[in-house]
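Asks: Take the sequences, apply the hints, and build the full model.
Protein chains in written order, with our numbering: chain V, 1 to 300; chain G, 301 to 816.
What the hints contain is simulated information worked out from the structure, not anything from laboratory work. The reader is advised that the hints may include incorrect statements.
As the list claims (entries may be wrong) - Simulated restraints on C-beta separations: (1) G/755 with V/296: 39 to 49 Å; (2) G/626 with V/291: 45 to 55 Å; (3) G/522 with V/117: 33 to 43 Å; (4) G/650 with V/149: 22 to 32 Å; (5) V/296 with G/536: 49 to 59 Å; (6) G/755 with V/149: 28 to 38 Å.
Said to hold, decoys possible - Quick list of in silico lysine to any residue cross-link-like pairs, SDA-like style, CA-CA up to 25 Å: (7) G/538 with V/147; (8) V/80 with V/65; (9) G/322 with G/807; (10) G/538 with V/136; (11) V/115 with G/643; (12) G/505 with G/566; (13) G/538 with V/148; (14) G/538 with V/202; (15) V/227 with V/162; (16) G/711 with G/436; (17) G/538 with V/144; (18) V/88 with V/118; (19) V/115 with G/645; (20) G/538 with G/633; (21) V/178 with G/436; (22) V/115 with G/647; (23) G/436 with G/752; (24) V/80 with V/201; (25) G/633 with V/162; (26) V/178 with G/665; (27) V/228 with G/648.
Being a predicted model, the structure only gives us computed values, none of them experimental. Cβ atoms here follow ideal geometry from the backbone N, Cα and C, with glycine treated the same way.
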Amino acid sequence: METYDQDRPCQKWKKKAYGGIQPGYPDNHTDSTFLQEMITNANVVKRDLSKVILDSISISQYVSVVSLVVSIWTHTLNSKIDEHTLLKLDIFLLALGFLVLLVTSPSLSLHLLMKYFLNISFFISGLYVLAPIYHTLTRSISSDSIWALTVSLLVIHLFLHDYSGSTIRPPGALNNPKLTSNISLNASIVASVLIASRLPSWLHVFAIMLFSLQVFLFAPLVMFCIKKYSFRVHLVFSFVLVGVTLTVTYQLHRLFFGTLLVLMVFISVICPYWLIRIQEYKFEINGPWDEAKLCFDITE
Amino acid sequence: MICWKIVIATYVILYEIPTMGKNHYSLSPWGISQEKRSTLKKPRWIKILGEKPPVVDLESVILAVNCSNYAKLSIEEQARITGPVSCSFFVTIYDVVWHCVTFCLASIFTVAYQFIQCSHKLLTCNFGKGLLFLGKLIPYSCKTVHVRSCQFLYWPVFLHKHTFSLFPNVEFIHRSSLQNHLWSSISTDLTFGILLSIFFLANTKPISNWIFSICHTLTESILRSGCVWLMGVPAGFKLNTELARVLGMVSLNMIQVYSTIWYFIGTSILGYIIVAFIIVGVVFGATLQLALFLDLVRLVTLHVTSLHWLVSVLYSRQIQALASLWRIFRGRKWNPLRQRLDSYGYTVEQHVVGSLIFSPLLLLLPTTSVFYIFFTMLNTIITLLCISVEVLISLLYVTPCYEIFLWVLNKTRFPSGVWFSNVSLADEVVVSILCSNHAKLGELIGPHYKNVFSGVSSSFAKSMAYSVLTGCRITSNLSTSMPAIAPWMKLVCKEYWKLCHDSILESTVQKKRRFC
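Replies: This is the structure in structure tokens:
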């Protein structure tokens with residue numbers, strides 16, 4: 001192989017994919033333009049600690065919403081809340097949600113409102129019909145299995161939830177919901193069905209199902225609209241929500257309160273710091289050798 | 301090892317002359333048909349022998365041996381025919397009378413032939429609604445009656461064939477005479493039928509009491525108590541009480557209604573049914589009795605069958621819905637064109653509705669499957685009983701009684717290969733006797749029985765197990781092949797009349813020849 005060093009032929013080395021060995025150069029010869037077009041860390045977002053902490057507020061907000069739902073479930077199962085209060089709560093929440101949507105969303109035509117209204121009425125009548133079936137569904141299963149199943153389903157729901165957007169699209173939204181967000185929605189619905197089947201009368205079942213489904217389906221949408229409308233309102237709302245949740249859980253169960261507090265601190269403080277710390281090790285390379293990516297995100 | 305090398309001058313073989321009705325020779329085993337003879341696998345030493353130049357072609361030798369009696373017989377026959385034929389006045393009157401009798405007989409049988417064709421068409425096609433209902437109610441008996449009537453109408457063809465008496469090849473005569481075994485199967489059938497009828501006649505009262513007690517026991521202890529047991533806590537399964545109660549009440553009501561109806565009908569017409577059994581056994585034979593029994597069993601267990609159908613529809617729909625919803629959770633959709641799963645983006649509403657429906661379906665599945673298993677077991681027992689009776693009927697049709705009868709009498713009519721036994725081995729003359737093996741009973745009956753089961757698919761058990769698991773419809777008959785549509789039933793009426801007429805005339809001419 002040493003003979004090639006002294007013997008440089010007239011042909012210049014050309015960078016080409018086909019053509020075989022170019023005479024005078026070894027097969028793995030590279031010249032000075034090698035890796036010139038490589039781009040490192042093209043898509044990496046430069047992160048700031050305060051911004052990350054502020055963004056993680058939405059995660060803690062959703063975790064607190066879910067804990068509120070769990071505490072209402074526990075109160076209902078212990079017969080501290082009766083069904084009429086629950087029904088009033090449902091109507092109140094529905095009205096509140098609509099109000100927020102009206103205020104925050106700029107383009108909300110009457111036609112869209114009618115469509116929402118129709119969907120919700122179908123939904124409510126469907127639940128009304130299914131409530132007697134759900135009432136006696138799990139009578140033959142022991143309570144321990146039900147609690148275990150519910151807890152695991154809620155964990156799956158929190159794990160797979162789409163925190164960046166909302167599964168139910170606000171008006172004029174872009175991406176299709178991903179599969180994981182749909183699976184998290186299914187998990188939450190099945191968990192609420194399991195809890196609802198433990199209640200004494202079918203009106204209880206109807207009220208609790210309506211409440212859980214309202215929260216799980218529409219709360220992310222409402223929060224997304226608030227966040228889009230104004231960040232400050234969103235921050236204030238989140239703090240208020242977290243505070244309310246912590247008070248409620250403190251009165252309910254000390255261990256639950258403790259776990260929740262630790263979780264919130266972990267999400268809001270420790271995780272952002274950790275992310276920033278390991279961000280500097282990120283090394284992504286892109287170049288002309290990458291496969292072309294099709295672009296589906298074009299809005300009409 | 302000592303090798304014998306014998307140079308033979310004369311080779312004498314003694315054999316018994318093959319005569320019609322006694323014996324003939326054949327090279328290949330009995331059950332192998334003509335076409336398969338050439339494809340038989342020969343052992344190696346035969347192949348080595350075959351490479352030597354052939355001295356003699358055994359096939360044609362055996363053929364000649366089989367035909368060796370013909371010359372002697374035909375000469376005797378000729379001598380008989382050239383005798384004087386006396387024509388007298390009485391013979392002509394006898395001729396005329398016999399012609400009239402032939403005419404009438406042929407017309408009667410042609411009318412019967414046409415009647416059977418029409419009724420068969422009415423029972424199986426969509427025209428006469430009343431008869432179609434009868435055809436659907438007792439299908440097996442109608443089929444059996446049709447087959448037996450066709451076999452009764454076979455007699456002109458039988459007579460026609462038997463007028464050809466002389467044929468050189470004794471093997472051919474023997475084999476073709478075995479084809480006409482219809483009359484033997486009819487007679488064995490009638491014998492069994494008469495025996496059964498005598499048994500029924502002798503024990504009418506005990507049989508009817510026994511039938512009543514059996515029905516009562518089955519309804520009470522199995523059906524009713526089974527349903528009540530399922531509505532409670534069967535085998536420790538904790539079922540959904542509402543659904544179990546609904547299903548149990550539906551089945552109990554249906555059983556109650558149906559068994560009350562059958563009780564009232566049964567008390568009034570049981571006597572008539574037994575009388576019908578007896579008459580049918582004497583006229584048509586045991587196959588029709590068994591077919592009537594099969595149809596009656598089906599009619600009486602109609603409530604079990606329909607309940608099983610209801611519960612299996614419920615179960616199969618539930619299983620299909622659960623499978624489809626599970627596919628929604630995974631984001632997949634079944635592509636029926638390509639028979640595969642494709643990924644598909646469902647909307648959020650579809651996901652919500654899917655999960656709302658998935659949980660009750662999944663949690664109600666144990667209840668439905670317990671009821672399904674119970675009714676499937678009952679239905680399977682009834683199906684197995686029907687299948688065994690059907691197999692018995694097919695075997696009765698197909699068993700070659702005439703062949704077995706001849707085999708018992710004279711085994712030499714069923715040769716299955718030849719061999720030589722050496723008698724003496726002198727200087728240059730070897731004397732040996734040509735002996736033939738005879739077929740065993742299994743070789744005789746085997747091909748017939750194999751034909752019966754040839755229509756049954758080999759994976760019958762597997763398909764039945766799969767349909768039980770997924771709740772589809774179970775095939776309730778084995779589809780064993782009944783005797784094929786008789787070729788003589790395809791004739792037009794005029795040709796059939798001509799056939800009857802000619803066959804009667806020819807047989808009387810033959811008899812007259814022998815008589816004069």
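Asks: Tell me the hint numbers this structure goes against, listed in increasing order.
Replies: 1, 2, 3, 6, 11, 16, 20, 21 and 26
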